[in-house]
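Novice: Chain by chain, the residues:
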Amino acid sequence: MGNLDQSSGKRSAMSRIVGFRDFGVVAAALLIAVFFSITSPVFLTAYNFFNLLRQTAALGIVAMAMTALIVAGEFDLSVGAIYAVTGVVTGLCTKSFGVNIWLSAIVGMSAALVLGLLNGLLVTMTRINSFIATLATQMVFRGIAMVLSQGQPVSDFDDNPFYAILGRKELFGLIPVPIFWLLGCGIVMFLVLHRTTFGVRVFASGDNRDAAELAGIRTVRVKRACFLLTAGAAGLAALISLGYLKTVTPTQGTNLELEAIAAAVIGGTAMSGGVGSIIGTFIGTFIMAEVRTGLILLGTDAYIQDAFVGLVIALAVIINVRVSSRKQ
Amino acid sequence: MESGIILSIRSISKRFGGVKALDAVSFDVGRGLILGLAGENGAGKSTLIKILCGVHQPDSGVMELEGRTFRPRGPEDAERSGICVFHQEIPVCPDLSIAANVFLGPAMPHRGLRPDWARMKAECRRLYQDLLGEAIDPDRLIRDCSAAETQLALLVRVLSRNAALVVLDEPTTALTPPEVDRLFVILRRLRDRGVTFIFVSHMLEELAALSDRIVVLRDGAVAGAMEQAEFDARRLSSMIAGREVASSRRAAARERGEVVLEARGLGDGRNFSEVSFALARGGILGIAGLAGSGRPDLARALFGAPPARSGCLVVDGAARTIGCPADAIALGIGFVPEDRNAQGIFHSLDVKRNVCMAGLDRFSGGRLLREGRLRSAARAAAVQVQVKMSGPDAPVNSLSGGNQQKVLIARWLALRPRIIVLNEPTRGVDVGAKQEILDLILRLSAEGCSFVVASSEIEELLVLSDTILVMNRGRAAAILSGDGATKEGVLLAATT
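Going down the list, the protein sequences come from chains A and B. Numbered by our numbering, the letters in the first sequence go through residues 1 to 328 in order. Numbered by our numbering, the letters in the second sequence go through residues 329 to 824 in order.
Because the hints were derived from the structure by calculation, they are not lab data. Since the model is a prediction, treat every value here as computed from it, not as a measurement. Hints should not be assumed to be uniformly reliable.
A short list of chain A residues far from chain B (calculated; beta carbon distances all over 10 Å) [stated by the list, open to error]:
(1) V200
(2) I217
(3) V317
Taking CB as the label site, the calculated pair distances span [said to hold, decoys possible]:
(4) I296(A) with L424(B): 51 to 57 Å
(5) I128(A) with D467(B): 49 to 55 Å
(6) R510(B) with R127(A): 31 to 37 Å
(7) G694(B) with Q55(A): 54 to 60 Å
(8) I318(A) with L424(B): 48 to 54 Å
(9) S272(A) with R698(B): 27 to 33 Å
(10) I128(A) with E602(B): 55 to 61 Å
(11) L441(B) with T300(A): 15 to 21 Å
(12) D472(B) with V140(A): 50 to 56 Å
(13) A537(B) with I318(A): 56 to 62 Å
(14) I318(A) with L441(B): 33 to 39 Å
(15) R698(B) with F180(A): 47 to 53 Å
(16) T300(A) with R698(B): 30 to 36 Å
(17) V140(A) with D467(B): 34 to 40 Å
Every residue, glycine too, gets a C-beta built ideally from N, C-alpha and C.
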């Protein structure tokens, strides 16, 4: 009986983790792909597929890290601003002070991590709702990016392999390098959240904070780590964008935080914490990119695209609520 | 002329499933008197109150109010008939004024679509002056009021609706002694003006001080009644407790191991102070006490959640600082909280994660998550406490309340702790699971694990403990063991 129990337990775990939990969002992504493939002949081409993923790399990296933070029961509305600060700091370092771009990138990344640390300290020490706290820091951080750059874009950088490695190279002459960064981050984030004991603590902290404390989990540390992770992801995303565009602006990443949260929600992350998955968010990001690209290929008015993405979000949330209430 | 009896209860019975909550309860409530209603938890007091205000319908029996058959269909119906229940959980709006809270409801004075604040304030002042003999500021927010002032506002709200009979369900638990005295003065004054009260309390002193007559419920039946003149604390507590159930007592004679946990002058600066005790290996220390006695707070302090502020804890002969749960866990102490849903269970996770949560790295053998190892650790612990589940991968929400409680005990057993602190170990579990949990604690203590059990159920403590620490208003009122640990003794120490 014990053996039987074990094998069925294993199978159900497999099906729950890989298949069942994210089944809905994967099916939705496929359905949307089928729809656009039929309506537009160029949608189902390798070029379009890779281009779509490249465009969404920065958002995907941020959204997956944000998923861990939301699962832990917190939000970060300042990721877009951190994304801008990282870009501006890195750009100015190399442009105005002539620092090597690699060193500048390290400085920019450090700035991102410091801002993430600030967010984490602010939220955990004052116990202010993270929505409010990071709404405030969003404005502060965006202000820092504006002041440092005096509101001007920074561009015309010297040549360096940095730009190719972070954003411009196309491996095998076809696959843009940001896709590898996206997949790499995805694998790392998946392992951190779903394959480490730290990940279990993240879920526990967001599911039931009091219970987590009483189980000896220092939820403050868990949350700070998630804030750091999210800010680090925003920093990396900014460097990838810098590598591809070879320019930074202090207004870049506006609304990035909302798109990241939207991707997480489409992927089935619960706003109340304790529920979410990296695969789900990855597909959620993909769906948003799919809808945007598909609409462009259909020749729809650019102004209507956001409205469609909004509808997709609403639909995803309705389906999620239905499915999770049926499970209970 | 009206008769001297306002409410008459005749052979009221009520069953919940297989449990007989009330069994042919009969008594009369005299007009313009304060009737004290006593009884331990589960004696049927709250069921009776809920029948009075129409939340439950009796299975049999009748009630007569003012000589007419009284069968309330719900709280509004009871209120229309003049019966109001006043308990701790009445919702208030903390950000509204006293006046607004007094008049909140469909009958709120209004002028057109706007509330008539001027009239409400004036009316509120008049009611306070008239009913309580006090002047108040009706503009003050409930948020800024003390617990006692909030209660008075609710009392005024109830009385302003012309209640003839007011049921006071444990009205003093949140009050300080001077506030209790003040409330009693007001209640006596209202009684003298013709309002009838049924006063439910755990505190024998309060019952004696306020009541004109006391009715005692035990196991769903009237165990006796007592007029004010013949009141006697010892007789009353034995009436409440009933006869001893000797068979279920654990064997008193047990060899004592060395002391594993000792508290010296422990206090948290708020809920309890100067508490000292010693717990031997394999021993079970019960903590008894009423609401507000500091019982759960003391239990939590042993686990550092939140830690004690004064005094010291000695674990295995060495003074230790337990500043947070992680410290306690490192010393081999486990803790099962009183509120399983809010403080124990992770509802979105599976059984194995719930069981292994307090020692993830240990069970997983490092920081990488090895589900297989968690699964076998969880299964081993779950077998020990006999959790009924489809497997360690089942969602914890698929388990019954009793089994979730066992999961929480399994969480600590899996760590092989030396001491487990349990706060209300059988709250919200059915009778069968309750017995299993008690047996489990006794078995584990025989195997050398020590327990601290804080519980509001005295029977449970008598079955389990070799020593019972009785808390009363934040102090250790008595430490009872052996033949001294009787229900009467515990009740007496807890209530006087």
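Novice: Against the structure, test the hints numbered earlier, and report the numbers of the ones violated in rising order.
Specialist: Result: hints 1, 2, 5, 7, 8, 10, 11, 12, 15 and 16 break, sorted rising.
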